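Asks: Sequence:
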Amino acid sequence: MREVSFLDKNFIVFREVYEPSDDSFMLAEAIKSVASGDFELSLDVGCGCGILTLFLSEKSRFVVAVDVNPIAARNAELNVSRGGVKHKVQVLVGNLLSPFKSKPIFDLIVFNPPYLPEDEYDSLVSEKVKAAWSGGRDGRRVIDAFLSTFHQVLKPGGILMLVQSSLSNCDLTLRRLEDLGFEVEVVSVKHFFYESLYVIKAVKR
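Residue numbers (UniProt numbering): 1 to 205.
No wet-lab data here; the hints were simulated from the structure. Computed from a predicted structure; not experimentally measured. Be careful, since some hints might not be right.
Here are the simulated EDC-like pairs of lysine to aspartate or glutamate, each with C-alpha atoms no more than 20 Å apart in a straight line [unchecked claim]:
#, residue 1, residue 2
1, LYS201, ASP179
2, LYS204, GLU183
3, LYS155, GLU183
4, LYS86, GLU58
5, LYS59, GLU77
6, LYS155, GLU185
7, LYS204, ASP171
8, LYS201, GLU40
9, LYS204, ASP144
10, LYS201, ASP144
11, LYS155, ASP38
12, LYS32, GLU185
Generate coordinates for the entire structure from the input sequences, incorporating the hints supplied.
Replies: Quick look at the structure:
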C-alpha cells in the first residue's frame, strides 16, 4: 500500500490499483472549479482508489462509483470510509456502465479512462494493473466503448467530465461528443514531453 496526498485529502492506494497522477489531479481540480452546483446523483466511472469519488461527494447529494477491478472497489470503499462520506457513496464492481439500465439518472459523470496505447511491455504487468491505463492498440478501446453508451444514463442538462490524451486522438472524442449533441469545451490542458492531457466538459442538450 502507498499513501498519496492531494489538496486537503489523503488516500491509501493498494498495490494493484492505479496510483493517482497528473490526469487524476487535473480532473479533481476541474470537479472543484468547473462542476459548480449541487448535483443530486453523480457517477465516478473507473473509480480506482476513489480519489475522484471523494471530490464528487463534496458536490453531490449521492455518488455511485464503479470499477472493473474488485481490488480497486475495495480500495475506494476504504478511502470513502476514511473520508467520512460512507453514508453518501455506493461502490460497485462492474465494467463501465454495465451495472446500470439505460435510463437518464445521473446529473454528473466523471471518467479518467485508460488511454495509453498498448506496447510490447504490457505483458510484463498484471491484467488488473494494465486495465487501469491501457487503452488497446490505439488507446481508444475503452473510450469508444464508453462514448457509445454513457449518454443513455446522463440526464438532459447533465455534465460529463472526461480526461483525454493527445496519444489517443482527443479531437476524435470532441467530434463524437458534438455529434451526440453535446456542448463541448476543453477546460484544462497540461503539456508534457511525451503527451498533452485535456479535461473535457460536455453538457447534454
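Asks: Run every hint past the structure and note whether it holds.
Replies: The hints, checked one at a time:
Among the hinted pairs, LYS201 with ASP179 is consistent with the structure: their alpha-carbon atoms are about 15 Å apart, no more than 20 Å. Distance restraint check for LYS204 and GLU183: the Cα-Cα separation of roughly 7 Å lies within the 20 Å cut-off, and the hinted pair is therefore satisfied. In summary, the hint linking LYS155 to GLU183 is supported, as the alpha carbons are separated by about 14 Å, within the 20 Å threshold. Of the supplied pair hints, the one linking LYS86 and GLU58 holds, its CA atoms being roughly 12 Å apart against a limit of 20 Å.
Restraint check for LYS59 and GLU77: the C-alpha separation of about 18 Å stays at or below 20 Å, so the hint holds. This hinted pair checks out: LYS155 and GLU185 have alpha carbons roughly 18 Å apart, not beyond 20 Å. The suggested pairing of LYS204 with ASP171 holds, with an alpha-carbon distance near 18 Å, which does not exceed 20 Å. For a cut-off of 20 Å, the pair hint linking LYS201 to GLU40 stands: about 18 Å separates their Cα positions.
For a cut-off of 20 Å, the pair hint linking LYS204 to ASP144 stands: about 18 Å separates their Cα positions. Annotation: proposed proximity of LYS201 to ASP144 holds, straight-line Cα distance about 17 Å (limit 20 Å). With a CA separation close to 14 Å, the supplied pair LYS155 and ASP38 stays within the 20 Å bound. Note on LYS32 and GLU185: the hinted pairing holds, with a Cα-Cα distance of about 17 Å set against a maximum of 20 Å.
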